[in-house]
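Undergrad: The hints should help you fit chain S onto chain V, whose structure is shown.
First to last, the protein sequences are chains V and S.
According to full-length UniProt numbering, the first sequence holds residues 1 to 256 in order.
According to full-length UniProt numbering, the second sequence holds residues 1 to 106 in order.
Incorrect hints may have been included.
Claimed, not checked - DEER-style ranges, computed between Cβ atoms:
1. S:10 - V:64: 31 to 37 Å
2. V:39 - S:55: 55 to 61 Å
3. S:59 - V:162: 19 to 25 Å
4. V:61 - S:88: 45 to 51 Å
5. S:57 - V:164: 41 to 47 Å
6. S:90 - V:175: 56 to 62 Å
7. V:36 - S:51: 46 to 52 Å
8. S:22 - V:63: 28 to 34 Å
9. V:159 - S:74: 40 to 46 Å
10. V:180 - S:71: 40 to 46 Å
11. S:18 - V:61: 32 to 38 Å
12. S:61 - V:195: 40 to 46 Å
13. V:176 - S:28: 39 to 45 Å
14. S:61 - V:149: 22 to 28 Å
Unchecked claim - Chain V residues, not near chain S, derived (Cβ > 12 Å throughout):
15. 39
16. 42
17. 49
18. 108
19. 122
20. 138
21. 148
22. 153
23. 176
24. 191
Just so you know, these hints were derived from the structure itself, not from any lab.
By construction, the Cβ of each residue, glycine as well, lies at the ideal position given by its N, Cα and C atoms.
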Amino acid sequence: MEMSPYGPRPGPPAGPEGEALPCGRALEDLWDAWESDPAAAAAEPHARQCPHCAAALADLRTLDDLVRDELARAAHASAREGDALASGVTARVMDIVRTELRPGAAVPLGEPEEDAWIVETAAARTFRSAAEAVPGVRAGSCRIVPLGDTQRRFRFPGARLPRGPVRVLLDVTAPPGLERPVPEVADAVRQRVTTAARGELGMDVHAVDVTVVDLADLADLGDLGDTSGLTDTASPGRSPARPADVVGQPPEDSDD
Amino acid sequence: MTDVPQDTTARLGDAVARAAEATPGVAFLRPDLTGFLRGAAARGTRLRRTATADGEQVHVDLRLAVHRGHRALDVTRAARTAVERAVAERLPDASVSVTVTVTALV
Numbered sequence: 001m002e003m004s005p006y007g008p009r010p011g012p013p014a015g016p017e018g019e020a021l022p023c024g025r026a027l028e029d030l031w032d033a034w035e036s037d038p039a040a041a042a043a044e045p046h047a048r049q050c051p052h053c054a055a056a057l058a059d060l061r062t063l064d065d066l067v068r069d070e071l072a073r074a075a076h077a078s079a080r081e082g083d084a085l086a087s088g089v090t091a092r093v094m095d096i097v098r099t100e101l102r103p104g105a106a107v108p109l110g111e112p113e114e115d116a117w118i119v120e121t122a123a124a125r126t127f128r129s130a131a132e133a134v135p136g137v138r139a140g141s142c143r144i145v146p147l148g149d150t151q152r153r154f155r156f157p158g159a160r161l162p163r164g165p166v167r168v169l170l171d172v173t174a175p176p177g178l179e180r181p182v183p184e185v186a187d188a189v190r191q192r193v194t195t196a197a198r199g200e201l202g203m204d205v206h207a208v209d210v211t212v213v214d215l216a217d218l219a220d221l222g223d224l225g226d227t228s229g230l231t232d233t234a235s236p237g238r239s240p241a242r243p244a245d246v247v248g249q250p251p252e253d254s255d256d
Numbered sequence: 001m002t003d004v005p006q007d008t009t010a011r012l013g014d015a016v017a018r019a020a021e022a023t024p025g026v027a028f029l030r031p032d033l034t035g036f037l038r039g040a041a042a043r044g045t046r047l048r049r050t051a052t053a054d055g056e057q058v059h060v061d062l063r064l065a066v067h068r069g070h071r072a073l074d075v076t077r078a079a080r081t082a083v084e085r086a087v088a089e090r091l092p093d094a095s096v097s098v099t100v101t102v103t104a105l106v
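Isolated chain V, as found in the complex (with noise of 0.2 Å):
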């Protein structure tokens, strides 16, 4: 790897297919450093000397300043209803940052033999808000593999799962005093989530395991307050113990 002209630079190269910067930094290492600490990132060495980097850190501020007018005009907006919508604001946009940054692997729509691809993340969003739908139900984490090779790992960006039929993970909450028992939340979750692949996307899906933690549980744990960690995978709740319901779905016929 050649030298860059502006001084060492932090990180790893770009992997051949990353979005990788004039200079050869990759854009999302930059962008790690300045979510992080923005200060630090501006001030290091490289970054201070290299015209790529600095104007894609002016870039990231343009962004950032657009985001926070979006947020102070839209908490101005809901003043007299919280802030339910100007932290949805914020997801959204970062939403869509991500998914620019991070698509993640392209999955398969369509019968075997087409060469139509849709990114992981945008599937992804998809099925959480089609599992949202259903009362109560918030939705976490969710990954999209292969139907009979849940391991691998695709992380390269613009990597691609084999053809063929594929399985949704889904994590969700379910709220405390659940009215339906926990299989039942799920078996509506995943015929949300099977309905959306089919009806929205065109994706075959074979099986939707869904791993529902009920926030009563959590409440035991002594973290009722902070609903914002139950989403990640390394939320409290799921502790071995618990006996999370995970169930598969049988093969079905796809639509196309």
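TA: Chain S in isolation, oriented as in the chain V frame:
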């Protein structure tokens, strides 16, 4: 390997992009935020022309955002058809293949 004039390729690229953009359900070609951050506007299509013994092959790599309310698969199929037609109009003898990737639902 190729005796394909480059200006034709540029025009073909434009025609392909226009055909894809005009497809119902296509919001825009490849979300451009990354291009914006890199200071370069990326087109939503990549075009590769190869001359082979059997004639010319054109491969189009299409990346697009789909409007919610349209089924993603149907939009990819319509966009593929539109792009194949656009290429066939200009290069009737070429064989065409199209990869379509939905990069966002907006």
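Undergrad: Against which earlier hints does the structure fall short, listed by number upward?
TA: 5, 9, 10, 12, 18 and 19
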